[in-house]
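**Student:** The primary structure of each chain is shown beneath.
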Amino acid sequence: MIAEQGTIPVLEAQSLTRRFGGLVAVNDVSFSVNSGEIFGLIGPNGAGKTTLFNVVTGLIPASGGHLLFNGEALLRQRPHQIAAKGIARTFQNIRLFGALSALENVMIAQHVHTRSGVLKGVLGLPPAPQEEKAIRAKATELLELVGLGDRTSEQAKNFSYGDQRRLEIARALALNPKVLLLDEPAAGMNPNEKHQLSDFIRDLRDRFSLTILLIEHHVPLVMGLCDRIAVLDFGQLIALGEPDRVRTDPAVIAAYLGNE
Amino acid sequence: MDDFVATYGPLLISMLLGAMLGLSLYLPLMAGQLSLASPGFYALGGYIAAILSTQAFKTDAALFPVPLLLVEMAIAGVVCGVLGVLVGIPALRLSGIYLAIATIAFVEILRILSLNLEITGGAVGIFGIPQPFDSAIEYLWIVLPLLGLSMVFVYRLENIRVGRALSAIREDELAADAMGINPTHYKVLAFTLGAILAGMVGAISAHFLNTWNARQGTFDASIIYLTFVLIGGSRTYLGPVVGGMVFTALPEILRAAGDTPGLPLWLGQLLKDGRLIIFGLLIVLGTIFFPQGLVRPGVLKRRAKGGRTS
Amino acid sequence: MKKQFYTLSLITPTLLILAACTATSPTTTSSNGAKSAIAIGIGVAQTSNVALLGQEQVAGAKLAEKFFNDNKGVNGTPIKLIIQDTAGDEAGAINAFQTLISKDKVVGIVGPTLSQQAFSADPIADRAKVPVLGPSNTAKGIPDIGEFVARVSAPVSVVAPNAVKAALKMNPKIKKVAVFYAQNDAFSKSETEIFQKTLKDQKLDLVTVQKFQTTDTDFQTQATSAINLKPDLVIISGLAADGGNLVRQMRELGYKGLIIGGNGLNTSNLFPVCKTLCDGVLIAQAYNPEYVSPINKSFRDAYKAQYKKEPPQFSAQAFTGVQVFVDALNTLDKGGKKVSQMPLAELRVALNQQLLKGKYNTPIGEISFTPKGEIIQKDFYVAQIKMDTDGTSGKFAFLK
Chain A
53 MIAEQGTIPV
63 LEAQSLTRRF
73 GGLVAVNDVS
83 FSVNSGEIFG
93 LIGPNGAGKT
103 TLFNVVTGLI
113 PASGGHLLFN
123 GEALLRQRPH
133 QIAAKGIART
143 FQNIRLFGAL
153 SALENVMIAQ
163 HVHTRSGVLK
173 GVLGLPPAPQ
183 EEKAIRAKAT
193 ELLELVGLGD
203 RTSEQAKNFS
213 YGDQRRLEIA
223 RALALNPKVL
233 LLDEPAAGMN
243 PNEKHQLSDF
253 IRDLRDRFSL
263 TILLIEHHVP
273 LVMGLCDRIA
283 VLDFGQLIAL
293 GEPDRVRTDP
303 AVIAAYLGNE
Chain B
53 MDDFVATYGP
63 LLISMLLGAM
73 LGLSLYLPLM
83 AGQLSLASPG
93 FYALGGYIAA
103 ILSTQAFKTD
113 AALFPVPLLL
123 VEMAIAGVVC
133 GVLGVLVGIP
143 ALRLSGIYLA
153 IATIAFVEIL
163 RILSLNLEIT
173 GGAVGIFGIP
183 QPFDSAIEYL
193 WIVLPLLGLS
203 MVFVYRLENI
213 RVGRALSAIR
223 EDELAADAMG
233 INPTHYKVLA
243 FTLGAILAGM
253 VGAISAHFLN
263 TWNARQGTFD
273 ASIIYLTFVL
283 IGGSRTYLGP
293 VVGGMVFTAL
303 PEILRAAGDT
313 PGLPLWLGQL
323 LKDGRLIIFG
333 LLIVLGTIFF
343 PQGLVRPGVL
353 KRRAKGGRTS
Chain C
257 MKKQFYTLSL
267 ITPTLLILAA
277 CTATSPTTTS
287 SNGAKSAIAI
297 GIGVAQTSNV
307 ALLGQEQVAG
317 AKLAEKFFND
327 NKGVNGTPIK
337 LIIQDTAGDE
347 AGAINAFQTL
357 ISKDKVVGIV
367 GPTLSQQAFS
377 ADPIADRAKV
387 PVLGPSNTAK
397 GIPDIGEFVA
407 RVSAPVSVVA
417 PNAVKAALKM
427 NPKIKKVAVF
437 YAQNDAFSKS
447 ETEIFQKTLK
457 DQKLDLVTVQ
467 KFQTTDTDFQ
477 TQATSAINLK
487 PDLVIISGLA
497 ADGGNLVRQM
507 RELGYKGLII
517 GGNGLNTSNL
527 FPVCKTLCDG
537 VLIAQAYNPE
547 YVSPINKSFR
557 DAYKAQYKKE
567 PPQFSAQAFT
577 GVQVFVDALN
587 TLDKGGKKVS
597 QMPLAELRVA
607 LNQQLLKGKY
617 NTPIGEISFT
627 PKGEIIQKDF
637 YVAQIKMDTD
647 GTSGKFAFLK
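Protein chains in written order, with my numbering: chain A, 53 to 312; chain B, 53 to 362; chain C, 257 to 656.
If you're looking for bench data, these hints aren't it; they were derived computationally from the structure.
Fair warning: there could be bad hints in the mix.
[To be verified] Here are the simulated SDA-like pairs of lysine to any residue, each with C-alpha atoms no more than 20 Å apart in a straight line:
#  : chain 1 : residue 1 : chain 2 : residue 2
1  : C       : Lys396    : B       : Leu169
2  : C       : Lys396    : C       : Ser624
3  : C       : Lys359    : B       : Glu225
4  : C       : Lys628    : B       : Gly180
5  : C       : Lys328    : C       : Lys594
6  : C       : Lys565    : C       : Asp583
7  : C       : Lys322    : C       : Ser624
8  : C       : Lys361    : B       : Asp186
9  : B       : Lys110    : C       : Glu449
10 : C       : Lys628    : C       : Asp382
11 : C       : Lys385    : B       : Gly133
12 : A       : Lys209    : B       : Lys110
13 : C       : Lys431    : C       : Gln469
14 : C       : Lys359    : B       : Arg208
15 : B       : Lys324    : C       : Lys322
16 : C       : Lys396    : B       : Gln107
17 : C       : Lys359    : C       : Ser624
18 : C       : Lys361    : B       : Asp55
19 : A       : Lys137    : B       : His237
20 : A       : Lys172    : B       : Ala58
21 : A       : Lys185    : B       : Gly133
22 : C       : Lys359    : B       : Asp186
23 : A       : Lys137    : B       : Asp55
24 : A       : Lys209    : B       : Arg348
25 : B       : Lys110    : B       : Arg208
26 : A       : Lys209    : B       : Glu225
27 : B       : Lys324    : C       : Lys328
28 : C       : Lys359    : B       : Ile156
29 : A       : Lys190    : A       : Arg259
30 : A       : Lys246    : A       : Leu292
31 : A       : Lys209    : B       : Leu201
32 : A       : Lys230    : A       : Gly88
33 : C       : Lys385    : B       : Asp55
34 : A       : Lys172    : B       : Arg287
35 : C       : Lys590    : C       : Asn327
36 : A       : Lys209    : B       : Arg287
37 : A       : Lys172    : B       : Gly200
[Stated by the list, open to error] Derived list of chain C stretches under chain B, where covered just means 3 residues or more per stretch with a C-beta under 8 Å from a C-beta of chain B:
#  : region
38 : 366-375
39 : 395-406
40 : 437-448
Every residue gets a Cβ at the ideal spot worked out from N, C-alpha and C, and that includes glycine.
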């Protein structure tokens, strides 16, 4: 819709709708996200942001509309198929594999990039040992990147809240995604950490050539970080554009900023 | 010593078979799936061996050839594996207690079928199953390697790509799905591996018990195997192995303990007649105080560390 | 990892040794348990859901031990019963038999309780060349297990038809017959086949065959559909609880004709289930407490003195099992070689050969064996249940 000249939309939502009984959690939402963009999704509690993420990643089926990823229809695909195409995410309420080590958490997310099955794995036949070595190395590298390099063998559930969020990001990156969906990555962080997070996300985008979608409550962070911002209210898209434009949009001020 | 081996040979074999049945339940549990279908596959594997050895593989030899026993085990494994896939795909759409109930129903269906079919010998079952060995203890030649292999298999499985996918599903199925792991595929895989193992154990048991009937692999057995895993430990493959051995031997030990001279009459009676009560009590207390079972990964690690430093 | 395997490899032998150490003294009841006593094994179900039957068997066997030891045992050498619990399953029967054979070194075994257990445990004894007498294994094929396996319990095919004959004698007009059986019970299933064959042989009209489970409690559907066919005779093969409930519900639904119960209903445990409605049920018997013979009088008197009721068939058969061993040992002993001096393996083989040749006057009548080990029993009986008016107690009245 608002695609700028010369850029290709990576992710495109057309009239995306999700109803829960009588409640319309996502109501006829259309937008497109361009390659390399950091795209913010904001709105008051219950606006439908996480539902939208869940629809995009296939965890919740859409009730109507279309969703395209590099021109390919995503709806009706299972979550693991969508993940394999290169859409990775973190969760608002952190969903790590708690009893497993940090390293295992990150190794698991490289599942789609490895092939060895039961027999080759158990017998240690090629390509299993090579794959094992490669994913272990990559997992270690990613953990170092998020600053958990010295805690690889600790159980995920023993990590602090902020470290769990970092671990989730490392896990999502292990998928080698093209699009990364971050659901409230700054929740529970102090102002200093939030500031660092901004730089970190930008760095990730550049380093891994990512397109990033981000749900965030902390408005200054979103305004400073995102290239464009979409505002949801009661499931409807009420504004979409660059931060400055959204900030001054009367509908946004009334519906969202006014509420906060 | 010979007498000791002869007397306790059957018990030892039963214990090792119990350990493998524990493992067969542990496999789906690796993916967080509480399936009680193992006794059904165990019963099926037993019938396959019983029918083959009494009807198809007739020999004049005094002892049933061991290679034919291995063929039976392979056939039982394949048939149970195929059935595992067929049952697993619809059943594993359910989870938690619903899956448990569905698998109990599966076991019950197999039991009713075996009671009513001509080929399974109805309620009397199949008897006169030929023996591959002269004595019970010689079953170790088959049972010990199979247990060793299945332990190594499960141990290896826990540390490779497939096993990690199973653990991921057990920890958080939705998150695993979002990380590119197909939960249905891996749940059915784990279920099927358990089915294959249970089927092979059944094939051995049919020979070991000389006879096979619809009393093998019933709902009661489901609960006993579940005890192997729940009390033994559900987070490391050693849990069900230890649980399977201990809980197979426990009734015999209690029975024998009840005969200890000098014991008050009521206590002796409780140990002998009430061993099921004791069993049940252990299950209840065990699940309260050791929710992950007696053998936990942490316990072993700590012990292993202590062993190294000392 | 090594440590873990090490731990594991310790557990197995520890458990076994624990089992061995605690199992030092098997139950023995011998009052004159001299060291030289001849050990006879009793391997029946003292626990589990068949314990009721097994306990009746133990009672019968213990009376036999006392009776024969009071009568000089085996030419002066006392016998000693060694009792091992088989519980109700196959593995338990194997464990108990193996213990009796290898650890307790018995000359022969009376047991196990269930036919399915016999199919599992008897081959163990047969391979070890230890004679086994089945006290209550009535399924087809038991004596065929091996040359060391015989039984003192007549197969269903011999016992069951007597009840149908008795019913026809009481009411010659019987034409239509409804048959019920518990499809999950091995015994009931083979028994119903015999009943159905008997009906065919007697040219009776089998109007319906209804199935149920031993765990069922509600039989309204089966009972109603059978009653609608207006049978003159109903035959039930099941166990006490389900059979009793079925009898009760048939009567409550208005069935007035004769009822034949299978051997599973052949117990006073039936009485509390159907109370006064049990009255009149016909059951074929392999044992009649009123059978007139010195040995039965001794057995019956001893049983009544101890348990204050008529001895049940299971006790009589277990007594018979012990008696066959003792009588055969006596004959062996008189035949030249002293049994107390024979090597165990040789004694077991000789005992097996001898017991198949002999004729025995037992509480269940005059019996002998075919060369394969099948019992040849002279007399069978039919009893009719007579309940007291208040329905609390009853008895089996033997038909003449």
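**Student:** If a hint holds in the structure, say so; if it does not, say that too.
**Tutor:** Cross-check of the supplied hints:
| no. | hint | result |
| --- | --- | --- |
| 1 | C:Lys396 to B:Leu169 | holds, 18 Å |
| 2 | C:Lys396 to C:Ser624 | holds, 18 Å |
| 3 | C:Lys359 to B:Glu225 | violated, 53 Å |
| 4 | C:Lys628 to B:Gly180 | holds, 16 Å |
| 5 | C:Lys328 to C:Lys594 | holds, 15 Å |
| 6 | C:Lys565 to C:Asp583 | violated, 27 Å |
| 7 | C:Lys322 to C:Ser624 | violated, 23 Å |
| 8 | C:Lys361 to B:Asp186 | holds, 19 Å |
| 9 | B:Lys110 to C:Glu449 | violated, 28 Å |
| 10 | C:Lys628 to C:Asp382 | holds, 13 Å |
| 11 | C:Lys385 to B:Gly133 | violated, 40 Å |
| 12 | A:Lys209 to B:Lys110 | violated, 58 Å |
| 13 | C:Lys431 to C:Gln469 | violated, 27 Å |
| 14 | C:Lys359 to B:Arg208 | violated, 41 Å |
| 15 | B:Lys324 to C:Lys322 | violated, 24 Å |
| 16 | C:Lys396 to B:Gln107 | holds, 18 Å |
| 17 | C:Lys359 to C:Ser624 | violated, 30 Å |
| 18 | C:Lys361 to B:Asp55 | holds, 10 Å |
| 19 | A:Lys137 to B:His237 | holds, 18 Å |
| 20 | A:Lys172 to B:Ala58 | violated, 40 Å |
| 21 | A:Lys185 to B:Gly133 | violated, 31 Å |
| 22 | C:Lys359 to B:Asp186 | holds, 18 Å |
| 23 | A:Lys137 to B:Asp55 | violated, 65 Å |
| 24 | A:Lys209 to B:Arg348 | holds, 17 Å |
| 25 | B:Lys110 to B:Arg208 | violated, 38 Å |
| 26 | A:Lys209 to B:Glu225 | holds, 16 Å |
| 27 | B:Lys324 to C:Lys328 | violated, 33 Å |
| 28 | C:Lys359 to B:Ile156 | violated, 39 Å |
| 29 | A:Lys190 to A:Arg259 | holds, 15 Å |
| 30 | A:Lys246 to A:Leu292 | violated, 24 Å |
| 31 | A:Lys209 to B:Leu201 | violated, 33 Å |
| 32 | A:Lys230 to A:Gly88 | holds, 9 Å |
| 33 | C:Lys385 to B:Asp55 | holds, 15 Å |
| 34 | A:Lys172 to B:Arg287 | violated, 23 Å |
| 35 | C:Lys590 to C:Asn327 | holds, 16 Å |
| 36 | A:Lys209 to B:Arg287 | holds, 16 Å |
| 37 | A:Lys172 to B:Gly200 | holds, 19 Å |
| 38 | 366-375 | holds (count 3) |
| 39 | 395-406 | holds (count 5) |
| 40 | 437-448 | holds (count 8) |
Against the hints set out earlier in the document, violations occur for numbers 3, 6, 7, 9, 11, 12, 13, 14, 15, 17, 20, 21, 23, 25, 27, 28, 30, 31 and 34.
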